[in-house]
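The primary structure of each chain is shown beneath.
Number of protein chains: 2
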Amino acid sequence: MDFSVAYADTQTSARLGTLGTAHGRIETPAFMPVGTLGPVKGIDPHDLEQLGFRLMLNNAYHLYLRPGHKVVADMGGLHRFTGWPGAILTDSGGFQIFSLARLCKITDEGVSFQSHIDGSAHFISPETAMEIQEALGADIIMAFDQCVALPAETRVLEDAVRRTTLWAGRCQAARRRTDQALFGIVQGGLDVRLRVRSACDLVGLQFDGYAVGGLSVGESKDEMYRMLDATVPALPASKPRYLMGVGMPGNLIEAVARGIDLFDCVMPSRHGRTGWLFTSFGRVLIKQARYQRDESPIDPLCQCMVCASYSRAYLHHLYNVKEMLASRLNTIHNLWHFSDFMRRMRAAIAEGAFAAFRESFYRLQDDPAFHEADAAGDAGDRRATPPSRRGTHIC
Amino acid sequence: MDFSVAYADTQTSARLGTLGTAHGRIETPAFMPVGTLGPVKGIDPHDLEQLGFRLMLNNAYHLYLRPGHKVVADMGGLHRFTGWPGAILTDSGGFQIFSLARLCKITDEGVSFQSHIDGSAHFISPETAMEIQEALGADIIMAFDQCVALPAETRVLEDAVRRTTLWAGRCQAARRRTDQALFGIVQGGLDVRLRVRSACDLVGLQFDGYAVGGLSVGESKDEMYRMLDATVPALPASKPRYLMGVGMPGNLIEAVARGIDLFDCVMPSRHGRTGWLFTSFGRVLIKQARYQRDESPIDPLCQCMVCASYSRAYLHHLYNVKEMLASRLNTIHNLWHFSDFMRRMRAAIAEGAFAAFRESFYRLQDDPAFHEADAAGDAGDRRATPPSRRGTHIC
Numbered sequence: 001m002d003f004s005v006a007y008a009d010t011q012t013s014a015r016l017g018t019l020g021t022a023h024g025r026i027e028t029p030a031f032m033p034v035g036t037l038g039p040v041k042g043i044d045p046h047d048l049e050q051l052g053f054r055l056m057l058n059n060a061y062h063l064y065l066r067p068g069h070k071v072v073a074d075m076g077g078l079h080r081f082t083g084w085p086g087a088i089l090t091d092s093g094g095f096q097i098f099s100l101a102r103l104c105k106i107t108d109e110g111v112s113f114q115s116h117i118d119g120s121a122h123f124i125s126p127e128t129a130m131e132i133q134e135a136l137g138a139d140i141i142m143a144f145d146q147c148v149a150l151p152a153e154t155r156v157l158e159d160a161v162r163r164t165t166l167w168a169g170r171c172q173a174a175r176r177r178t179d180q181a182l183f184g185i186v187q188g189g190l191d192v193r194l195r196v197r198s199a200c201d202l203v204g205l206q207f208d209g210y211a212v213g214g215l216s217v218g219e220s221k222d223e224m225y226r227m228l229d230a231t232v233p234a235l236p237a238s239k240p241r242y243l244m245g246v247g248m249p250g251n252l253i254e255a256v257a258r259g260i261d262l263f264d265c266v267m268p269s270r271h272g273r274t275g276w277l278f279t280s281f282g283r284v285l286i287k288q289a290r291y292q293r294d295e296s297p298i299d300p301l302c303q304c305m306v307c308a309s310y311s312r313a314y315l316h317h318l319y320n321v322k323e324m325l326a327s328r329l330n331t332i333h334n335l336w337h338f339s340d341f342m343r344r345m346r347a348a349i350a351e352g353a354f355a356a357f358r359e360s361f362y363r364l365q366d367d368p369a370f371h372e373a374d375a376a377g378d379a380g381d382r383r384a385t386p387p388s389r390r391g392t393h394i395c
Numbered sequence: 001m002d003f004s005v006a007y008a009d010t011q012t013s014a015r016l017g018t019l020g021t022a023h024g025r026i027e028t029p030a031f032m033p034v035g036t037l038g039p040v041k042g043i044d045p046h047d048l049e050q051l052g053f054r055l056m057l058n059n060a061y062h063l064y065l066r067p068g069h070k071v072v073a074d075m076g077g078l079h080r081f082t083g084w085p086g087a088i089l090t091d092s093g094g095f096q097i098f099s100l101a102r103l104c105k106i107t108d109e110g111v112s113f114q115s116h117i118d119g120s121a122h123f124i125s126p127e128t129a130m131e132i133q134e135a136l137g138a139d140i141i142m143a144f145d146q147c148v149a150l151p152a153e154t155r156v157l158e159d160a161v162r163r164t165t166l167w168a169g170r171c172q173a174a175r176r177r178t179d180q181a182l183f184g185i186v187q188g189g190l191d192v193r194l195r196v197r198s199a200c201d202l203v204g205l206q207f208d209g210y211a212v213g214g215l216s217v218g219e220s221k222d223e224m225y226r227m228l229d230a231t232v233p234a235l236p237a238s239k240p241r242y243l244m245g246v247g248m249p250g251n252l253i254e255a256v257a258r259g260i261d262l263f264d265c266v267m268p269s270r271h272g273r274t275g276w277l278f279t280s281f282g283r284v285l286i287k288q289a290r291y292q293r294d295e296s297p298i299d300p301l302c303q304c305m306v307c308a309s310y311s312r313a314y315l316h317h318l319y320n321v322k323e324m325l326a327s328r329l330n331t332i333h334n335l336w337h338f339s340d341f342m343r344r345m346r347a348a349i350a351e352g353a354f355a356a357f358r359e360s361f362y363r364l365q366d367d368p369a370f371h372e373a374d375a376a377g378d379a380g381d382r383r384a385t386p387p388s389r390r391g392t393h394i395c
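Residue numbers (this note's numbering), protein chains in the order written: chain L, 1 to 395; chain W, 1 to 395.
Keep in mind that the hints were calculated from the coordinates and are not lab data. Accuracy of the hints is not assured; some may be wrong.
Copies of the same chain look alike in the list, so a pair counts if it works inside one copy or between any two.
Stated by the list, open to error - Below, computed lysine to aspartate or glutamate pairings styled on DMTMM-like, alpha-carbon distance capped at 25 Å: (1) Lys287 to Asp118; (2) Lys70 to Glu109; (3) Lys70 to Glu295; (4) Lys221 to Asp74; (5) Lys322 to Asp47.
Please model the entire structure based on the sequences and the hints provided.
Below, the structure written as C-alpha cells:
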C-alpha cells in the first residue's frame with residue numbers, strides 16, 4: 001500500500017490523498033461501506049462499484065464465526081469469495097467482541113468470549129487476530145485493540161491504552177504476509193492525555209496507517225471533535241488516518257476538517273433498511289403517510305438511480321408492505337448520497353473551496369425552503385440524537 | 001393487443017407467437033415472473049429486463065389492499081408507479097380471495113371477504129374487479145372467476161363454472177377502457193365435461209385471450225395435462241392461451257406441447273428465497289453442507305450473472321447467514337433459468353426441434369453424470385412433490 005497527499009487545505013487540516021492498493025487506487029477522504037458478512041446487505045459488488053466505491057470494510061469477527069476464516073482462505077480469500085474487485089479493509093474484531101460477544105474475559109494474553117450466534121467459546125489474541133485477517137486476505141488489516149465502553153474510569157482507560165500498545169506490537173511481530181497494510185488503532189476514551197499517549201505509542205511502532213477507535217460510541221460531537229483535535233496532530237502526515245465507525249455527514253465534514261482520510265459506518269445501509277433516507281436537506285423518513293401520493297424523488301438534487309427511477313410514493317409503498325426491494329433501493333440511495341458527498345468534498349478540497357463546501361452544507365440543512373416536507377424540524381444531521389453504543393459501528 | 005402465430009409445431013400443439021402490447025412485443029411461449037405487490041421480491045425493473053422478461057404479472061388483490069388501486073391510479077398506473085417499462089398482466093384477484101382472504105361469502109353478485117392483512121371487510125364483484133384492474137392499468141386484465149379448491153363435488157364445480165361464465169359476461173359489460181386486453185378464465189376442476197363447457201361458454205363471449213385457471217392446486221401432473229388436452233382444443237387458435245400459476249420446467253414443456261402460450265408462477269422467486277436453485281440437471285439445495293467449499297457455479301451450463309460471478313460456497317454462506325443478498329441472487333439465477341428455458345424452447349419450436357428439446361430435457365434430468373452433487377436422487381422436476389393449494393400461485 002502506498003499513500004500520498006496531493007493537496008492540503010490551507011484553512012483546515014483537510015487533505016486530498018490517494019491510497020494505492022493491489023485492488024485499485026482510492027481517492028481520499030473516502031467513506032467505506034460495511035459488508036459485515038461479505039456484502040453490504042442486499043447489495044452486490046457491481047452495485048457498489050456503480051455507486052463509486054473502491055474500498056469496503058468486512059468484519060473479521062463476523063467472518064471468523066461464519067463461514068470461518070479458514071473457509072474463506074480455502075475459497076481464495078475475501079476478494080475471490082465475495083466477488084468484490086475493489087480494495088478491502090478488515091477490522092480486527094476487537095470492537096465487535098467487546099460490543100456483541102458474551103462473557104468477555106480480557107487479559108494481556110487476549111480475550112475469551114462466547115459467540116453471540118451460538119454461545120460457543122472462543123479466544124482471540126493479537127496473534128490469532130493476525131492469523132484470521134491474513135486468512136481473510138484484505139488489503140488493509142487492523143491491529144487488535146481494546147475498546148472501552150464510555151463513560152469509563154481513567155484507570156480502566158489507561159489499562160486499555162497500555163494493552164492496546166502491547167497488542168499492537170504483538171500484531172506486528174505475528175504478521176506473516178507482506179502484501180497487507182497494517183493499521184494501528186488509537187484508544188484513550190475521552191481523555192486527551194491518554195489519546196496522545198496512545199497515538200505516540202503506536203507511531204513509535206511505525207504502522208502503515210493509524211485509526212482513531214473507541215469513538216462514535218455515545219459521546220457528544222463536541223467530545224468526538226475534541227479527541228480528533230488532540231489525536232490527529234500526534235499522527236504522521238505521511239500516513240492515512242481512519243476514523244472508525246463514523247458517521248453522519250456532518251461528522252464526516254468535521255473529521256475531514258481535522259485531517260481524517262478514511263471512514264466506515266453502517267449508517268447508510270442500516271438507516272436505509274429502516275426507511276431513513278439521507279438527502280441534501282436532511283432526512284426523509286419514507287414511512288410517513290405524507291409520502292403516499294408524493295410523486296417527487298427522494299431528493300430532487302440527487303442523481304442516483306433510485307431518485308432517477310422512483311417516486312417517494314412507490315418507495316413509501318414498498319417500505320410499507322415490507323418488500324425486500326425497499327431495503328435495497330433505500331440502501332442504494334443512501335450509499336450514493338455518501339459516495340457523492342465524499343466526491344463533492346474531495347472536489348471542494350482540490351479547488352481550495354472546502355470551507356465554502358462546509359458552510360454550504362450547514363446552510364442547506366437549515367434552509368426552510370427545503371423543509372416543507374419535514375415540518376417537524378428533525379431533518380438535519382446536526383439535530384440527530386447521538387448514536388447509541390451499538391448504533392453505528394456494527395452492522 | 002394483437003397476437004399472431006408465426007410457427008406451429010407439426011408433431012405437437014406447440015406454437016411460436018408474438019403478443020403485441022403498448023409496452024412492447026412478447027415472444028411466446030413466455031413465462032411471466034410474479035410481482036405480487038409491484039416488484040418481484042428483491043428485483044428491480046432493470047434486473048427483470050436484463051433477465052429477458054418483457055411481460056410480468058401483478059396481483060390485483062394485493063395491490064387493491066395495499067397501496068390501494070386508487071393510489072396507483074393517482075400515481076399514473078402500475079407502469080409509472082413501479083417503473084417497469086415492459087408489459088403487465090394483472091390477475092383479477094379471484095384466486096387470492098379464495099385462497100388467502102378470510103370468511104369468503106360467494107353469491108352471484110360477488111364475494112364478500114375479510115382482508116388477510118387486517119381483517120377489514122371487502123366486497124368484490126365482476127364490476128369492481130374491472131374497476132380495480134382499470135385503475136391499476138395493466139396491458140392485459142383478467143375476468144373475475146370463481147376458483148374452487150380440489151377435490152370438489154360436481155355440483156360445486158358446475159355452479160362455479162356457471163358463475164364464472166355469468167361473471168365473465170358482466171366483466172365485459174363493465175369495461176370502460178379500450179386499451180387493455182381482457183382474458184376469460186376457464187374453470188371446471190378436474191371434470192373434462194365442465195372444462196369444455198366453461199371453455200365454450202367463454203369463447204362464445206369472445207375474449208382477447210383465454211386462461212386455464214383452477215389448476216396447479218394440488219392435482220397430479222397427469223390430471224393437469226388431461227385437463228389441458230380437453231380444454232385447449234376448445235379454445236380458438238388465433239388467441240393467446242394462458243395456463244395460470246404453472247409451474248415447474250417439466251410442466252412448462254408439457255403445457256407448451258399442448259398449445260399453451262403464457263405462464264406465470266412464483267416458483268423461481270419463492271424457491272430462490274428458500275435456497276432451491278433450478279439447474280439444467282435438477283435442483284440444487286444451496287443450504288446443504290456439501291456446498292461449503294464448492295467453488296463451482298450453481299449450474300456449469302448456466303450463463304446468468306450469478307453463475308458467472310459466484311461460487312456455490314459463497315451462495316451457501318450468504319444463505320446460511322440469512323443475508324438479503326442470498327434471496328436476490330438466488331432469485332436472479334432462478335428467473336434467468338426460466339427465461340432462458342423459455343428462450344431455448346422457442347428456438348427449438350422455430351427450428352422444428354421441439355420434440356428433441358423435450359426429450360433432451362428429460363434425458364439431462366436423468367443423467368447420472370450430473371447428479372453426483374445430489375445423490376439423494378430428489379433432483380429432478382419429475383420427482384418433485386405436487387405443489388400445495390397455496391404453494392405455487394400466490395407470492
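For each hint, the structure was consulted:
no. : hint             : in the structure
1   : Lys287 to Asp118 : between (34 Å within a copy, 18 Å between copies)
2   : Lys70 to Glu109  : within (23 Å within a copy, 65 Å between copies)
3   : Lys70 to Glu295  : between (49 Å within a copy, 14 Å between copies)
4   : Lys221 to Asp74  : neither (43 Å within a copy, 44 Å between copies)
5   : Lys322 to Asp47  : both (22 Å within a copy, 20 Å between copies)
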